[in-house]
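There are 2 protein chains.
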Amino acid sequence: MIVLGIDPGLTRCGLGVVEGRGSQILTMIEVGMIRTTVDAPLEMRLLQLETEISQWINRINPDVIAVERVFSQLNVRTAMATGQAAGVALLLAAKAGIPVAMHTPSEVKAAVTGSGRADKKQVALMVQKLLRLDAIPKPVDTTDALALAICHHWRGTGDSKIQSALKEEQARLELRKTRLKKVAHL
Amino acid sequence: MIVLGIDPGLTRCGLGVVEGRGSQILTMIEVGMIRTTVDAPLEMRLLQLETEISQWINRINPDVIAVERVFSQLNVRTAMATGQAAGVALLLAAKAGIPVAMHTPSEVKAAVTGSGRADKKQVALMVQKLLRLDAIPKPVDTTDALALAICHHWRGTGDSKIQSALKEEQARLELRKTRLKKVAHL
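Quick mapping for you: the protein sequence lines, in order, are chains A and B.
In terms of the working numbering, the first sequence opens at residue 791 and continues consecutively.
In terms of the working numbering, the second sequence opens at residue 791 and continues consecutively.
Check each hint, because a few of them may be wrong.
Simulated coverage check for chain A against chain B, where a stretch passes if three residues somewhere in it have a Cβ under 8 Å from a Cβ of chain B [unchecked claim]:
(1) 826-833
(2) 836-843
(3) 868-879
(4) 882-895
Read the hints as simulated data drawn from the structure, not as lab findings.
Cβ atoms here follow ideal geometry from the backbone N, Cα and C, with glycine treated the same way.
Construct the complete structure from the given sequences, taking the supplied hints into account.
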């Protein structure tokens with residue numbers, strides 16, 4: 791499964807692609823950052839984001855697109871800009887028919903460091919370690935997009951483990967019912 | 791000039807089209823509201839917004855798209871959702887090559903009522919009056935999109951008046967320079 795993690799931002803939008811083989815081993819495929827100039831009109835910046843994110847989606851053809859779900863921001867202006875950038879990413883995923891997942895920053899931090907309150911450096915170091923990279927990718931904030939993709943792989947695995955456990959439980963119940971019926975018919 | 795005003799929102803996105811003939815008389819062309827269901831996945835709601843706003847743009851072919859610029863929101867979650875919806879509108883404008891203008895709610899209120907702190911009802915009443923409508927359009931919050939379009943017509947006029955004044959001033963300066971040069975060459 792290939793996950794494209796998108797850490798949305800208008801000025802800096804991080805992208806990280808992580809492939810999972812089996813349930814444990816994760817490999818970095820690509821990492822990058824889209825930057826738009828503050829001087830350009832807002833709609834042109836969004837158009838640039840759309841064009842470049844499209845290129846990533848077409849090139850990578852991910853199975854899932856994971857987007858950071860942001861609740862707490864320093865101010866409303868930043869939240870609006872992040873929302874606009876996230877909107878473009880989500881729209882492109884919907885148009886490409888690629889499933890979308892959203893994870894909060896604390897879910898991402900907890901997934902890669904074990905603590906929802908880990909700092910940037912700790913996240914970056916764990917991303918390097920988990921993906922067995924020689925160095926922390928640059929710029930350092932691209933590691934957030936990679937952490938997001940890693941988080942999705944692991945949360946996805948967790949969910950499917952829960953679901954298979956539920957299925958087994960369901961199967962056991964069905965089997966029990968059948969047995970009870972048989973007993974009743976004796 | 792035809793202005794499409796978009797009051798962005800994820801659950802309710804208001805659209806109002808106002809045409810200006812001459813500098814004063816404004817006419818409502820169309821008004822409406824796009825609603826997306828809260829239960830649908832976020833990316834599907836954005837896709838629905840994109841599809842429907844596209845239809846409006848293609849049908850109306852506006853000269854300008856005016857989008858509400860929101861700075862103050864009750865909370866970051868609302869700001870994010872508004873940002874996502876606004877992002878879709880701005881992106882579509884950029885793709886269609888239609889100029890975009892953004893006005894804040896207080897600019898819009900001031901334009902139609904004379905007060906930046908007017909309430910919803912006052913705005914609605916003034917929109918009805920200014921567009922010479924028999925009744926206040928329903929749902930009532932579509933009047934915000936119409937007010938936005940009206941605001942753009944008037945601010946646009948104001949700006950072009952300022953710009954033509956600046957041009958005249960510039961022309962006078964140029965003329966003066968030429969005269970001074972002539973004097974110097976005598």
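Here is how each hint holds up against the structure:
no.	hint	result
1	826-833	holds (count 3)
2	836-843	holds (count 3)
3	868-879	holds (count 10)
4	882-895	holds (count 5)
The structure fails none of the hints (numbered hints given earlier).
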